[in-house]
Each structure stands twice: as C-alpha cells, then as structure tokens.
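Asks: The residues making up each chain are set out below.
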Amino acid sequence: DAGVTQSPTHLIKTRGQQVTLRCSPISGHKSVSWYQQVLGQGPQFIFQYYEKEERGRGNFPDRFSARQFPNYSSELNVNALLLGDSALYLCASSLWVLGPSTPADNEQFFGPGTRLTVL
Amino acid sequence: GQQVMQIPQYQHVQEGEDFTTYCNSSTTLSNIQWYKQRPGGHPVFLIQLVKSGEVKKQKRLTFQFGEAKKNSSLHITATQTTDVGTYFCAAPGGYQKVTFGTGTKLQVIP
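First to last, the protein sequences are chains S and G.
Using the working numbering, the letters of the first sequence map in sequence onto residues 1 to 119.
Using the working numbering, the letters of the second sequence map in sequence onto residues 1001 to 1110.
Simulated from the structure, these hints should not be mistaken for lab results.
It should be emphasised that the depicted structure is a prediction, and the values quoted were computed from it without experimental measurement.
Beta carbons: idealized from backbone N, C-alpha and C, even for Gly.
Hints are supplied without guarantee of correctness; some may be wrong.
Derived lysine to aspartate or glutamate pairs resembling EDC-like cross-links, with alpha carbons at most 16 Å apart [said to hold, decoys possible]: (1) K1097(G) - E53(S); (2) K30(S) - E107(S); (3) K1070(G) - D1083(G); (4) K1097(G) - E107(S); (5) K1097(G) - D105(S); (6) K1036(G) - E1054(G); (7) K1036(G) - E107(S); (8) K1105(G) - E107(S); (9) K30(S) - D62(S); (10) K1036(G) - D1083(G).
Stretch by stretch, here's where chain S covers chain G in the computed footprint (C-beta under 8 Å, at least three residues) [as the list claims (entries may be wrong)]: (11) 1051–1058; (12) 1092–1098; (13) 1101–1108.
Could you build the full structure based on these sequences and the hints that come with them?
Replies: Set out below in structure tokens:
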C-alpha cells in the first residue's frame, strides 16, 4: 500500500502570494492533520480534518485554511505569504475516528512534506 | 497552552554508547507518543504509551512513561549509526491536536 503522499515536493513563492499544498492519506484513513515544521524545531499542529470537517485548529492566523474532500484527500491554503511561513509542511493521516477508538488509532503516518520557501 | 520540553537538545555519542532523552509536560497526559525524524526526512511513529509507569521495549529502545504521566523517557542501548536523527515526544490533546516536544538531535560518531 502507498503511504501518505504530498505535492509538490518543493515550492518557492514570494511575499504576498498564495499557495496550495496537497495531501493524499493512506487508503482507509479518514483523519488528516497538517503540521508546520520550521527548521530546527518540532512540528506545530495547524489543522485536523475528519469526514470533511475541521476537528481541531492550532494557533495559526486566518491566512491558513484547509479543506478535505470526499475521497479524504486534503488541501492546505496559505494566503498573503510572509517570510516566516518558510517551512516544511507535513501532512499526517491516521485511523482516528470520532467516537470510541483504540490507542492504535492515534498513530499518525506522516508524508514526506512540502518544503515551502518564501522570498 | 500545553508545553512539552525535551532534554538534552543535542547529544553526540560514540557508537556503542547509550543515549537517553527526557520529555516533560506542563500538564498530565492521557498518553504520549515518540517519533523519530531522520535528517531530511519526516517523523516516523515509534510507540505510544498509555498507562502510568508503563515500560515498553523495541529491540535496543526502551520507552518509559512516568508514574504521574507528566514525563517520559527514551533510552537507546549501544547506539548505532542508524540511530542518527531527531527524537520527538508528542502529547496528544483534544481530537488529534498533537503537541510535539522540542526534540533531541542525536549524532552517533563511528
């Protein structure tokens, strides 16, 4: 089975532009989360989506938005890019469900990430 | 908000030496996860601990969850060059809002 896939691999934008990043979860996974990882730091939670609805949001400005499609793939959009948005953007999927779940459902599988550079 | 700190920030060891990283949370945790991220790679799930005082082993790796469920540790016995990377603890919050620790970067000198 294929793992989590993300596109594009690398992206260079200038300040003020907008960017869309894409993620396809592992087949059977309905939960998708997005993280931002600045160089030298741990991943920071941005969003979780489950069944096309936002279930969790981290401490990020409204310039960041996301959505999930019926096939559970997801897009992350960032508007009005700032230099500080330069980072590795990671997508993770899991078997997490809304309702009773087992601890194993919490295991997140990360994609290779999209490296965004804002000039 | 929830804070998860790890020490040390960096660790250089000779191949064959042991390594330990410690994780401390500002709040009591329902469970804790550990991830490894190789240089240039993405985080890879290692394990999840749920019970107070739980100890789990994976070959040369030993994971421990504190009795008060506010701290955890990862110990690697006889490090190998393949152990190089950054080790993160991660504390799940509501839904899957996971707070990652600050990470410990391990360098193994052959």
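Asks: Now tell me if each hint is right for this structure.
Replies: Here is what the structure says about each hint:
no. : hint                : verdict
1   : K1097(G) - E53(S)   : 14 Å, holds
2   : K30(S) - E107(S)    : 13 Å, holds
3   : K1070(G) - D1083(G) : 26 Å, violated
4   : K1097(G) - E107(S)  : 12 Å, holds
5   : K1097(G) - D105(S)  : 14 Å, holds
6   : K1036(G) - E1054(G) : 20 Å, violated
7   : K1036(G) - E107(S)  : 13 Å, holds
8   : K1105(G) - E107(S)  : 22 Å, violated
9   : K30(S) - D62(S)     : 24 Å, violated
10  : K1036(G) - D1083(G) : 9 Å, holds
11  : 1051–1058           : violated (count 0)
12  : 1092–1098           : holds (count 7)
13  : 1101–1108           : holds (count 3)
Of the numbered hints stated above, those contradicted by the structure are hints 3, 6, 8, 9, 11, listed in ascending order.
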